[in-house]
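K.L.:
All residue numbers in the sequence shown are consecutive under the working numbering, ending with 359.
If you are wondering where the hints come from, they were derived from the structure by calculation, not from laboratory data.
Keep in mind the model is a prediction, meaning the values are calculated, not measured.
A virtual CB, placed ideally from N, CA and C, is assigned to each residue, including glycine.
So the derived label-pair ranges between C-beta atoms look like this:
hint	residue 1	residue 2	range
1	Gly243	Gly57	36 to 46 Å
2	Pro148	Asp325	24 to 34 Å
3	Pro165	Gly243	16 to 26 Å
4	Lys142	Asp335	37 to 47 Å
For lysine-lysine, the following BS3-like pairs were computed, each having C-alpha atoms within a straight-line distance of at most 30 Å:
hint	residue 1	residue 2
5	Lys253	Lys342
6	Lys190	Lys142
7	Lys194	Lys142
8	Lys253	Lys305
9	Lys56	Lys190
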Amino acid sequence: MNCRFFLGTYTSTLGHVDGCGPGIVPCEVDSRSGIMTTVGEAVAVENPSYLWLNEKGDRLYSISEICDFEGRDDGALNCFEVAEDGGLRLLQQRSSNGPGPAYCRGEETGSRLLVANYVGSNVNVYPIAEDGLLGEPVSSFKHEGTGPNELRQEAPHPHSIAVMPGNEIVFVGDLGIDQLVGYRLDGLTKCIQKEDALSVRLRGGTGPRHFVVQGALRVLYVALELSSEIACIRFDGDWRQVGEIEYISSHRKGDEATSHPSEILLSPDGRHLYIANRGIDCISGFEIGEGGSLEWLGDFSCVGKTPRHMALSPDGLLLLVAHQDSSSLDSYFRDVESGALKPTGESMAAGTPSYIEFC
1 MNCRFFLGTY TSTLGHVDGC GPGIVPCEVD SRSGIMTTVG EAVAVENPSY LWLNEKGDRL
61 YSISEICDFE GRDDGALNCF EVAEDGGLRL LQQRSSNGPG PAYCRGEETG SRLLVANYVG
121 SNVNVYPIAE DGLLGEPVSS FKHEGTGPNE LRQEAPHPHS IAVMPGNEIV FVGDLGIDQL
181 VGYRLDGLTK CIQKEDALSV RLRGGTGPRH FVVQGALRVL YVALELSSEI ACIRFDGDWR
241 QVGEIEYISS HRKGDEATSH PSEILLSPDG RHLYIANRGI DCISGFEIGE GGSLEWLGDF
301 SCVGKTPRHM ALSPDGLLLL VAHQDSSSLD SYFRDVESGA LKPTGESMAA GTPSYIEFC
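Sequences are here, hints too, so could you generate the full structure?
P.N.:
Written as structure tokens, this is what we have:
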């Protein structure tokens, strides 16, 4: 089975990467063999480090992780038309309403795009017109505060966004202030309103980066970049935290191993959790038990360097990993019963890859 995907790459140098990629590359992978190939021309856009494909599959959105756009202290958002053959055509480029965007994601109806500006410390909501173009922001909230890590938490740094099942509650993971900041999404206007009673405070200095929701269990799993941990947070029916937050190591390599977790994801059946550990270059797997508890399955070594992002094929049989600092995309077979990963032996050269979005 061939599965198409788009690959975002870093194109220029930032503090954490010497970008050498071409932009966004249309690709496909054979989920039986793990062989990956490009299937079209790359689209040259600067630092498209995060992508989101709408439900129809005819519009692709990306951030441009930059801090100077059209002469302003700003990042950028890009909207592309997706052709039937998977080719891309740039339709629009506009301000992200703040420098250094890190994340973009549509809400369930596909009529709004939510954007987190890491450097700009704010969260914005953009209306999506019927033709897919983005209008002016209808909501914008600037986070406040600092954390104990003076180097990384000198200011708020929104890093991820997720809309909870039901399309009413939004959480924003802020690495700079150790919080999942809670918002309520208006069903009519699709504006968001900050709601402090929903927010979750994590242990100081942990640095929440990305998170996933296990909707059936009402549990959020958070990748903590600064403490190399996973936070397990349980919620009631109204998405308010219940009980104490559980913290477990993101790997079993030992306390002396330096790790900075990046991506975290769930298997399609919701039974297994995976987290990418940069520094020690491994993907750690966990089985999700009753009540959402995590049981370690193993630390599966990467065949490349610095796993920045990873994604499972739609059938869950294959894991693709974007290795930023070895400029490679590598595939791994996944045992759907045990959750174990095994390298396929297939690799594709890709300049400083940053994000994988399956179609």
